[in-house]
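Number of protein chains: 2
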Amino acid sequence: MELTLQIRMNEKLFLRNPEETELGREILLHSIVLIHKTGFELFTFKKLAEKIGTTEAGIYRYFENKHRLLVYIVSWYWSWLEYKVMVHTNNIKSPEIKLKKIIQILATEVKDDVQTTHVDERLLHEIVRMEGAKAYLTRHVTEDNKQRLFKPYKDLCGTIAAIIQECNPKYKYPRSLSSTIIEMAHYQNFFMRNLPSLTDFGNIKDDGKVIGFLENLVFASLYPLKRK
Amino acid sequence: MELTLQIRMNEKLFLRNPEETELGREILLHSIVLIHKTGFELFTFKKLAEKIGTTEAGIYRYFENKHRLLVYIVSWYWSWLEYKVMVHTNNIKSPEIKLKKIIQILATEVKDDVQTTHVDERLLHEIVRMEGAKAYLTRHVTEDNKQRLFKPYKDLCGTIAAIIQECNPKYKYPRSLSSTIIEMAHYQNFFMRNLPSLTDFGNIKDDGKVIGFLENLVFASLYPLKRK
DNA sequence: TATTTTTAAATAGTAATACTATCATTGTAA
DNA sequence: TTACAATGATAGTATTACTATTTAAAAATA
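Top line first, the protein sequences correspond to chains A and B. Okay, so the first sequence: first residue is 1 according to the working numbering, each after it adds one. Okay, so the second sequence: first residue is 1 according to the working numbering, each after it adds one.
There's no promise every hint is true.
Remember, identical chains collapse to one label, so a pair may be satisfied in a single copy or spanning two.
[What the hints assert, rightly or not] In the PhoX-like style, the derived pairs of lysine-lysine whose C-alpha atoms are separated by at most 20 Å in a straight line are:
1) Lys84 / Lys111
2) Lys134 / Lys66
3) Lys172 / Lys37
4) Lys47 / Lys100
Read the hints as simulated data drawn from the structure, not as lab findings.
Kindly produce the complete structure, drawing on both the sequences and the hints.
As structure tokens, then:
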């Protein structure tokens with residue numbers, strides 16, 4: 001038995017569904033490789049086209065522009081992560097253990113997932129760490145948001161917020177804490193690797209350190225038995 | 001008596017010091033206005049040149065490219081903020097009250113500072129909120145960091161970390177907590193205004209909400225008297 | 001089977017961007 | 001007076017981010 005994972009993407013993200021054609025899947029596969037290699041600003045449709053043996057116009061038939069393509073692959077990542085979270089927390093009763101598991105998933109280096117053929121999740125994780133924020137840090141966030149382009153991210157945030165609330169129904173900031181965890185899982189990792197003095201982890205590239213920090217942050221917030 | 005605040009910027013940030021000439025000051029003044037208006041991706045030296053009645057080449061004499069200009073104004077902001085933090089915490093004994101003051105400064109809407117002539121701090125604050133991360137989220141972070149372009153940000157982070165450590169010398173993550181506060185002061189505000197479901201603050205644009213969240217986060221982390 | 005219609009690929013073209021280079025002019029310091 | 005730094009004006013280039021047109025292949029219909 002062979003299972004493959006299909007993620008249904010928001011239709012506003014593309015002009016022609018890239019999952020449905022060979023060329024489309026090539027675009028997804030190699031855009032991830034290329035963005036990972038050059039960074040988003042130096043990434044162009046022309047370079048991508050050359051790499052996969054098609055033309056610029058060919059890619060424009062699938063994606064309106066490179067920003068939409070970024071939002072597509074980043075959204076794909078969040079959807080995949082939500083699925084992963086679901087699978088790994090499904091059989092866990094305790095919301096605390098669920099939360100720990102989630103923090104671990106968020107902050108840990110990813111391995112390529114064999115269930116998906118045309119996406120390298122390890123590269124994609126690194127892209128999201130570096131370029132993810134650029135998906136929404138634009139002048140057109142509001143319109144993009146109206147088109148529900150960020151739904152996967154918001155859904156994941158909501159899922160985690162619900163578990164936070166399970167841990168402590170009286171905690172006042174479940175969503176903000178959730179988005180803080182998600183962002184910081186990426187940023188602290190990025191800082192550790194590139195601007196280590198913004199962290200306490202030196203330059204040792206140890207995911208465990210970030211996990212320790214996030215667990216401390218979250219559980220201290222959720223269970224503050226007394227205060228000064 | 002009239003005081004003006006001069007911030008000495010890293011010389012690697014510019015080709016010709018913009019503070020020293022009329023044209024240079026015009027560039028700083030109007031780049032802030034223009035980036036605020038169009039967003040960083042649509043901002044070009046040509047548009048800026050037209051606005052201040054010079055030519056593209058004129059601006060290239062001051063800044064190597066628009067990314068350097070962004071790093072310049074963002075760094076200026078962090079230096080200014082560090083100065084502001086210094087002034088407002090100087091006479092405070094208690095590190096806890098210092099921290100609260102800092103959180104308030106970080107998360108509150110800024111008024112234009114009359115001490116500086118050619119910078120509108122209110123606009124700059126909004127720019128940093130939206131574009132600040134783009135200063136370091138690039139392929140060339142490492143080289144930029146070697147040139148010490150991010151020193152003001154790192155210094156501010158260090159200053160706050162020191163106060164955190166004063167509050168609780170045993171706390172293990174002063175720097176990471178510090179960078180978390182700084183980033184989240186901006187991000188939670190950005191989310192509140194643009195993607196409110198990532199926060200618990202609705203769409204009410206009330207800085208106080210973000211301050212409440214951050215204070216809760218920080219002090220819970222620093223004073224966790226007991227834990228599950 | 002021939003013909004039409006749809007779909008996709010290839011080619012070409014454009015306006016704007018991100019620069020670089022050159023040379024003339026003006027104002028200031030030696 | 002001269003020199004020299006700063007600006008201004010003009011031009012030019014490679015690349016980017018697209019659009020439009022034409023051409024060819026595939027699918028549907030007569």
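Structure-based check of each hint:
For the homomeric pair Lys84 and Lys111, the shortest alpha-carbon distance inside one copy (12 Å) is at most 20 Å, but the shortest distance between copies (45 Å) is not. When the C-alpha separation of Lys134 and Lys66 is checked against a cutoff of 20 Å, the pair qualifies both within a copy, at 12 Å, and between copies, at 17 Å. Taking identical chains as interchangeable, the C-alpha atoms of Lys172 and Lys37 are never at most 20 Å apart, the minima being 41 Å within one chain and 35 Å between chains. In the homo-oligomer, the alpha carbons of Lys47 and Lys100 never lie at most 20 Å apart, since the shortest distance is 41 Å inside one protomer and 49 Å across protomers.
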